[in-house]
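Protein chains in written order, with our numbering: chain G, 1 to 239; chain D, 1 to 239; chain V, 1 to 239; chain H, 1 to 239; chain S, 1 to 239; chain X, 1 to 239.
Be a bit skeptical, because a hint or two may be false.
The list treats identical chains as interchangeable, and a pair is accepted whether it falls inside one copy or across any two copies.
[Said to hold, decoys possible] Taking lysine-lysine and the DSS-like style, the derived pairs with C-alpha atoms no more than 25 Å apart in a straight line are:
| # | residue 1 | residue 2 |
| --- | --- | --- |
| 1 | Lys151 | Lys225 |
| 2 | Lys70 | Lys25 |
| 3 | Lys164 | Lys224 |
| 4 | Lys151 | Lys164 |
| 5 | Lys224 | Lys169 |
| 6 | Lys224 | Lys120 |
| 7 | Lys156 | Lys70 |
| 8 | Lys2 | Lys25 |
| 9 | Lys2 | Lys158 |
Simulated from the structure, these hints should not be mistaken for lab results.
Number of protein chains: 6
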Amino acid sequence: MKILVANPNSSTIVTEVIARSAKRKIINPNTQIIPMNNSRGTENIDCGFADYQSSWSLIREILQKVEEEKVDAVVLAGFGNVGIFALKEALSIPVLSISETSQTIACLMGHKYTVLTAMKQNIPLQEDLVRLFRLEGKCASIRAIDINVEKCVTEKDKVLQRLKEEITKIVEEDGAEVVILSCGGLCGYDEELQKLVGLPVIDPVTVTVKMAEMMVETGLCHSKKRKFANPPQPLAEYF
Amino acid sequence: MKILVANPNSSTIVTEVIARSAKRKIINPNTQIIPMNNSRGTENIDCGFADYQSSWSLIREILQKVEEEKVDAVVLAGFGNVGIFALKEALSIPVLSISETSQTIACLMGHKYTVLTAMKQNIPLQEDLVRLFRLEGKCASIRAIDINVEKCVTEKDKVLQRLKEEITKIVEEDGAEVVILSCGGLCGYDEELQKLVGLPVIDPVTVTVKMAEMMVETGLCHSKKRKFANPPQPLAEYF
Amino acid sequence: MKILVANPNSSTIVTEVIARSAKRKIINPNTQIIPMNNSRGTENIDCGFADYQSSWSLIREILQKVEEEKVDAVVLAGFGNVGIFALKEALSIPVLSISETSQTIACLMGHKYTVLTAMKQNIPLQEDLVRLFRLEGKCASIRAIDINVEKCVTEKDKVLQRLKEEITKIVEEDGAEVVILSCGGLCGYDEELQKLVGLPVIDPVTVTVKMAEMMVETGLCHSKKRKFANPPQPLAEYF
Amino acid sequence: MKILVANPNSSTIVTEVIARSAKRKIINPNTQIIPMNNSRGTENIDCGFADYQSSWSLIREILQKVEEEKVDAVVLAGFGNVGIFALKEALSIPVLSISETSQTIACLMGHKYTVLTAMKQNIPLQEDLVRLFRLEGKCASIRAIDINVEKCVTEKDKVLQRLKEEITKIVEEDGAEVVILSCGGLCGYDEELQKLVGLPVIDPVTVTVKMAEMMVETGLCHSKKRKFANPPQPLAEYF
Amino acid sequence: MKILVANPNSSTIVTEVIARSAKRKIINPNTQIIPMNNSRGTENIDCGFADYQSSWSLIREILQKVEEEKVDAVVLAGFGNVGIFALKEALSIPVLSISETSQTIACLMGHKYTVLTAMKQNIPLQEDLVRLFRLEGKCASIRAIDINVEKCVTEKDKVLQRLKEEITKIVEEDGAEVVILSCGGLCGYDEELQKLVGLPVIDPVTVTVKMAEMMVETGLCHSKKRKFANPPQPLAEYF
Amino acid sequence: MKILVANPNSSTIVTEVIARSAKRKIINPNTQIIPMNNSRGTENIDCGFADYQSSWSLIREILQKVEEEKVDAVVLAGFGNVGIFALKEALSIPVLSISETSQTIACLMGHKYTVLTAMKQNIPLQEDLVRLFRLEGKCASIRAIDINVEKCVTEKDKVLQRLKEEITKIVEEDGAEVVILSCGGLCGYDEELQKLVGLPVIDPVTVTVKMAEMMVETGLCHSKKRKFANPPQPLAEYF
């Protein structure tokens, strides 16, 4: 089974980080992770503007890779919208966004969950996503540590401290008990943090790849009736 | 890995049907399905009253089996409440209800989903469950074919006809595109029906067992803070 | 008129406290309060697990008492679920939960109300109940003083102090103006507290018994169509 | 105990009908019903415009009557808004609207209820009221038989027939099982209709008067903090 | 084009303040603002009680003025309900409430908006209005500076300071980014405040008058079907 | 004042139709409409896939035109998402989507409104937009006449007939009284239809252009704090 894991931005470092998370929990020797980056995308998808300027080429590259590599499922490894619904229209194999999938799995793990991101500016966009995924009833809050992505990678102690602070508020003030780390820069903090705070901390890439694997094994795919029906014209007409 | 699949009622025939659905998509040779029936439960959990008269012993038998068999995850194979939250309090391994899990997975497969059950009387109880799972935004409707569980098993042609009729309404009137067959009597209709109607039809047992397998592989479990914290007294005090 | 007031746990002390609250405002000399405790239940229903381990026997004992005593209405004097919907299925006389009824009456008394309980762990379960009762629009918050039931009874000054503190926040932060004391240990604090804080504080047992009396006098009962229809089998089949 | 039952319009015939419903279920010999009509109001409050042109004088007359008669509670016997919240601000004795109170009691009697009124034009106004009372979760639908108030009184067979038709749809299409007759012209149809359709049909005047009686007996009143605080100026300043 | 701008209270000083806001942004030389005060209304509409005691005469005076002056649109310059829906029933020209209109325009200007008023007691009434306008999804919060209307006019520095404080919380705590000044006493603070806080501050009178102008120019009016259909009787019957 | 009216697709015929609607109600001689088409976009934005493949270039062309022409406001004349939020991030002049703006104005014109579109496949996407705009409380339904865009232009009689049929259902079944024609092919049907059905029918382009004019005249713009803050990098970095 081949799972394409697409990084929506052009950073090869981020693609590597994502690939590492993707492979962490794979047990089946027949499952193959194919990482991909979006060569024509921006370095960083840090706002709604970046999303629209990067996702069109992301979608095209994914379609091409799906064709070439005969992949069985696609994981869209971006924490924003990045065209998830558009891609589900175009394909008839499982297409999973790490944002939608991790929130869906979190539903099973607690009364309510919190999405924890890096920058405050990102919060309204994340709120829009929760509404698009129709999960308002389960999402207690969206919080930010207000440390930018670069510093998330370099200043580990400070980041851990801030994450811990916010997670305390999640439990005390928001009434949540499950945390999703919703930013590329926060990849890899999950295990240490989980020990520190005593509640489940989800790495969205890891769980989404596993979900993709499971969907392929069971033959599940999104419905091709109504919302994700094929585009009315042949795909090439839209390029 | 051992997954306990617990039938909440006492019918051994139903336990067999469930076991068959549970094993259908298992690929990993190390995954072992352990079916269990609730010997002190009612033959059929067909109302809220039956739920309360059966679940207390179900929970006790599951706890005993978990202990004896050292299982890694529990699948609660009932379409009602059957004490799902109570059991999550008592255990620190994944506990998945087929009702909650199948609805959660359906979230990823379409704009909205429909729960299709056998008897009309069951609809308000299912509506309560959707509210408990906080998935109102994704559940378009709950529909019933109004054929009792026994006839569901024996009158296959009639049942298929009625299922098809309701599914047409689901798409036309309710705006849904994914179907969950939420009744023991409807187990086994999914594949034939899916071909007939052209939209995904989910067998809740099959997908929940796969989700349990995936949670064990990734080390995920429900949060033990807040809602599913251990009961304040030792479990034995409650018996 | 005979009103059965059922304590869902096995503590006879609690049954006495409940009986006292039940009788406080009875004026009609023909109204008779019949207290009952759940001899096979747990000492304390302090979590969802306790609820499922106690309610099955509670329901059976209530049904027996209803039969023997020819009671006219049942008051379920537990602050959790304790099988309220199951019991409404089984009976065709008014069955009122103190939790549902006190919240319903609070609707008439203010813009929004707050449920004030003893332990924080209880909050998600209370949130589930509000959703089951479909009263989210009126319930501003659920708060806990985080003092356990035993201390609630013995450390009166501290408890009053903590209740007063939380009620200030209810008005200032949550925008509520009516308080429901939702814990057995808080029975009896209502009148003193009401004077202290200047807003209505409801004793759920007292108001529910009065509502039961009123329903019997007017001939009202829950609908026996749909949700609370009789169980499909004779009740004895479920034991 | 004295309960003022105020008809918001000027029709003495309607006042008599209301008084009859008010007295039907009174058992306590000390409870005295004081009917009142709004002499300066319109003959019929059949739209939002009529509500604003009638309620100001209604409120003034009620305040005068409360003073003169030393009443213990006020029942506002109008199916619209008719200044219910304004009156709660002005008074520190229970003030109950038949619309709000009957819907609140219906919450306890079924999964969902339906408000059944005479004219279709009234439906959006009733929807506004449900939102003001914050009971959207319990109100399944608002339906009208589209027969005007006069004919409701004179053409009994036709009205019963139409009521029965709509109630069938309430159960089949809206998923409700309790009916509130929300129009003066429908007073008196409840008992016959209840037998005919087999589900509870509520006469709002009857149950609200009983609730007022119960609130006086228990010493309950709406909160005078926040929403229903006394107007900042002495009342006379507003006339 | 003639736009009637009706002050719902009897204060001529407030009418002047409103007229000034109304004219501020008028560019079209053919647009004429006709201010009006409610001579029989209260000096101040500071609660729900005042609303019902003032709005009946307000409506009558507006209808008379519309007739006499042949106006093209009506702006209801009150921050409460003041009979907005009743007036829409009575008229077939645009009728715009400054409360509803300013909130509607704010929808376009940010993710969420906040209504900022003078007195805390007003908050529940404003919450009711948001529900009547069905804009809960866009209204992040309603806040008060707790300074009365008179002091709002005289103690400018203190008011600015308090407004600034609350607006900081609006952004930090409520997740809003647009502010509506919803109190007559706060008229005229918008421009200075906007510079001070760096986010849009809306003067409801100014924007509503412009919206009225635009509706007249495009020939738009509220629907006269269903909710705002003409009252069933000739208007004079209701006086 | 210059208002850029951007057609998100590449069809020059559609751009002309839009331009005509845009100019219909302009009275101010200083207002200048600048039509623009998206030369690199698809011919038709008929699904979510088309949206993502067209909007990136649309945004770039708009930014360039804003720069060159020194426009005062932008109207995004597409019935889908077409990057509305992304563009609001990039610009500090009013940016109005015809979809969001027409729905916002409809809020003022009735109890609830309906969005009427051409193709059924479009309904879930329109539902997503209503959620993004947070107007669920006002949108009664989204309906489609199921006639494709080309036939909408050529088969006028059939289209009028189908529109009339759906609008009857809007009033009878959905409880709405205002209609928004949400498809390019339906431009120009509004006036004839309005006469035919007797309720307001909104041409989204016309009203949005007038709203843009009004925002420029009053100096209003979306908030540049939080959601629509400038992208963190200079815009050129994202191309």
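Hints and how they fare:
no., hint, result
1, Lys151 x Lys225, "between (44 Å within a copy, 23 Å between copies)"
2, Lys70 x Lys25, "both (23 Å within a copy, 22 Å between copies)"
3, Lys164 x Lys224, "between (42 Å within a copy, 17 Å between copies)"
4, Lys151 x Lys164, "within (16 Å within a copy, 32 Å between copies)"
5, Lys224 x Lys169, "between (41 Å within a copy, 17 Å between copies)"
6, Lys224 x Lys120, "between (36 Å within a copy, 14 Å between copies)"
7, Lys156 x Lys70, "neither (39 Å within a copy, 38 Å between copies)"
8, Lys2 x Lys25, "both (15 Å within a copy, 18 Å between copies)"
9, Lys2 x Lys158, "neither (38 Å within a copy, 41 Å between copies)"
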